[in-house]
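The listed protein sequences correspond, in order, to chains A and B.
Each residue of the first sequence is one higher than the one before, counting from 1 in the working numbering.
Each residue of the second sequence is one higher than the one before, counting from 469 in the working numbering.
If you're looking for bench data, these hints aren't it; they were derived computationally from the structure.
Just so you know, not all the hints are guaranteed correct.
Here are the simulated DMTMM-like pairs of lysine to aspartate or glutamate, each with C-alpha atoms no more than 25 Å apart in a straight line [unchecked claim]:
(1) B:Lys481 - A:Asp342
(2) B:Lys504 - A:Glu340
(3) A:Lys341 - A:Asp5
(4) B:Lys472 - A:Asp5
(5) A:Lys50 - B:Asp505
(6) B:Lys472 - A:Glu340
(7) A:Lys338 - B:Asp505
As the structure is a computational prediction, the values presented were derived from the model and not from experiment.
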Amino acid sequence: MKTYDAIVIGAGPGGYPCAIRLAQLKQKVLCIEKENVGGVCLNWGCIPSKALISAAHLYEKSQAGAAMGIKVSGVELDANKMQDWKEGIVKKLTGGVGSLLKGNGADVVNGTATVVGPKRVDVTRADGSVEQFEATKAIVIATGSTTIEIPTFKFDGDTIIGAKEAVSLRRVPKRLMVIGGGVIGLELGMVYQAFGAELIVVEALPELLTGVDPDCTKIVERKILKRGGTIHKNAKALGYEKQKDGSVGVKIQADGKEQTIVVDTVLVAVGMRPSSKGLGLEKVGVTVDQRGFVPTDKFCRTNVPSIYAIGDVSGPPLLAHKATKEGEIAAEVIAGHKAEKDWVAIPGAIFTDPEIATVGLTEAEAKAKGLEVSIGKFPFSVLGKAMAMNETEGFVKIVADKKTKQVLGVHIVGPEASTMISEASLSLEMAAFLEDLSLTIHPHPTLGESLMEAAAHAMGAAIHIANR
Amino acid sequence: FNEKPLATPATRKLARDLGVDLRRVPPTGPAGRVTKDDVRALEAPE
Ligand SMILES: Cc1cc2nc3c(=O)[nH]c(=O)nc-3n(C[C@H](O)[C@H](O)[C@H](O)COP(=O)(O)OP(=O)(O)OC[C@H]3O[C@@H](n4cnc5c(N)ncnc54)[C@H](O)[C@@H]3O)c2cc1C
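Chain A on its own, in the form it takes in the complex (with noise of 0.2 Å):
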């Protein structure tokens, strides 16, 4: 039996940047994988929808150029070739994570990882063959999510379909569903919108991106009708039948009315569930909770000590850079030092059309937490750099206590909404003031000074907008 200080199960952007952490720490480690190296995020999830929704952006902008002067025609795209430029890119950071492991020091191992006792580990290779493992100080748990399939709705890999197979399309539907209005449903429904298919969303909950300040969603909600989508609130799909043409008829319930839309492709984006079941934790005696969620404490550990988990399979958010950083929380407790999950806030990126970006508390969170709130907001149709980008939809939204002005939150929907909430994510990091973001020179003309902006209107001093 092979002994290594740690073991991580699972190569995502958990459990490979814990294994480097570790080994950076001298600690003897081995990352084991069923898969390829790099889990949903590289293989499947953040790079790949990325990359086509950068595409997207490229077609939709290429014709688009006449109110600037610029005549195009005959745009064309060749989701072929899309498709191998995606996975390229794919292979190019794969194969990267994959050098940086060995460059470590870290071992890999290909294979399903079983947890056979509180420090032991057998591999199951694709040949059959079964190798045991032993971890002197500790096994994590980095083995990620996976997508729920309704039963009614059982993935075909071409009709009926996941996230997994809708970032690989060799096509574009004339016609596309989206079941489940969160984020994937959202940024790869309106890949294809951009691309020409007519998008239908399906959301059973009253508001879609649940959980985001509504004022964002909207403008979102906006673009995607703007664009001759179609959205469904408060609606169930209950099932689909197939038509002689190939097309599928999905059964939808909405405002207690039952209707038929007939689609190409249905893509079912209703969630991600936690890879915890099979693993042999129930054995060990992990506690894993209701949802398949295995909980930790600050330092990541489950209730067995010798047994932490991280990232998706160790509960929400489902982010990859929530699970890369407590890979490295876990990865320096387990090597003897002092960390400890102390951040204030997770920022989320969701790459619609305009993008929103949020980080800390939102209106209406810290409402219900009883804070007396001021609010700043600045929207980018006034702000040359947007005008000059002709990029003017959304705003920056800021929301600080009344009383002491600290920043409890920054939401916003607009162009490089993504890049911009990283300033704003250190400002609740550093404990910032309205007037440590308002004081600070931003350049001009630069999207970032609508940051500055709303910071200065929650006080009532915004130069260019009124203030109430």
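Following the hints, complete the assembly by docking chain B with the ligand onto the known chain A.
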């Protein structure tokens, strides 16, 4: 949010490394922030 002492990530890490409870540190920084020196000052006498 507001029960937390105002301190930057680096200051929070220093407090953790020195075993100092941030909530016990009298802040001297701008606008009531706990500085690294505040943390060190509390740690020193022991
Ligand atoms: C379409 C899509 C778009 C997304 N976009 C974003 C985004 O823009 N930004 C963002 O922050 N997040 C995004 N996410 C979410 C992000 O992908 C996840 O939060 C992230 O991958 C979680 O990392 P992880 O390491 O916890 O798990 P995963 O990435 O799921 O990795 C887990 C790994 O463990 C392996 N594994 C599982 N069980 C075993 C076993 N028994 N033995 C061996 N190996 C095993 C799996 O094969 C997998 O490779 C997106 C997700 C999807 C689906």
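Q. Can the restraint linking Lys481 of chain B and Asp342 of chain A be considered satisfied, given a maximum Cα separation of 25 Å?
A. Distance of about 9 Å is within 25 Å: holds.
Q: Please work out if Lys472 of chain B and Glu340 of chain A have their alpha carbons no farther apart than 25 Å.
A: Holds, because 15 Å separates the two Cα atoms, which is no more than 25 Å.
Q: Given the hint that Lys341 of chain A pairs with Asp5 of chain A, test it: the Cα-Cα distance must not exceed 25 Å.
A: holds, 22 Å
Q.
Holds or violated: Lys472 of chain B and Asp5 of chain A, Cα atoms, limit 25 Å.
A. violated, 35 Å
Q: For the pair we were handed, Lys338 of chain A and Asp505 of chain B, check the Cα-Cα distance against 25 Å.
A: holds, 19 Å
Q: Quickly compare the C-alpha distance for Lys50 of chain A and Asp505 of chain B to 25 Å and report which way the hint goes.
A: violated, 43 Å
(Q) Check the hint pairing Lys504 of chain B with Glu340 of chain A against an upper bound of 25 Å on the C-alpha distance. (A) holds, 18 Å
Against the hints set out earlier in the document, violations occur for numbers 4, 5.
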